[in-house]
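**Student:** Sequence:
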Amino acid sequence: MYRRIAVILVLCYLSFSPTCQALDIDDCGSKVGKFTSVTLDCDMNKSVCDLIPNTNATINIDFTVDKDVSKVNAVVHGIVMDVPIPFPLPNADACQAPDSGIKCPLKKGDATFHYKNTLLVLKSYPKVSVTVKWQLKDENNEDIICILIPARIK
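In case it helps, mature numbering (1 follows the signal peptide of the UniProt record, and there is no 0) puts the sequence shown at residues -22 to -1, 1 to 132.
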């Protein structure tokens, strides 16, 4: 029996499938769409995403939409001790950002959409544990997707 469990754990580790990842990314109120995959520039087999100062952190989100969407705006907060701290993005308008992968409008029923953003983790950021709340909002300010990512600035 223990041998079977060990084999399953090894296969999970090698496959990197979302069901075997230790990093628990939660939905925090997606209304207009649903995320199907999230990948980050960190070891997703750990329970938190370590963000290293003076390095770029990239997020990739695959998602679908339940209705047509004409605008996609990214909103990011760092939640520290239950206090949301806004994190302004220089390229928040995903429809206009050249590297976001988003071409607006998004049509219901089209395939999965792919969003990408890369941020510099500044050396001035305090070394704290933080929950990153990443939202993609539509033209009505409704959450297309909303995810919570446990992270730590090292």
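It should be emphasised that the hints constitute simulated quantities derived from the structure, not laboratory data.
One or more of the hints may lead you astray.
[To be verified] Straight-line C-alpha distance at most 27 Å; calculated DSS-like pairs for lysine-lysine:
{"no.": "1", "residue 1": "K94", "residue 2": "K45"}
{"no.": "2", "residue 1": "K9", "residue 2": "K94"}
{"no.": "3", "residue 1": "K105", "residue 2": "K24"}
**Student:** Which of the listed hints are not met by the structure?
**Tutor:** none
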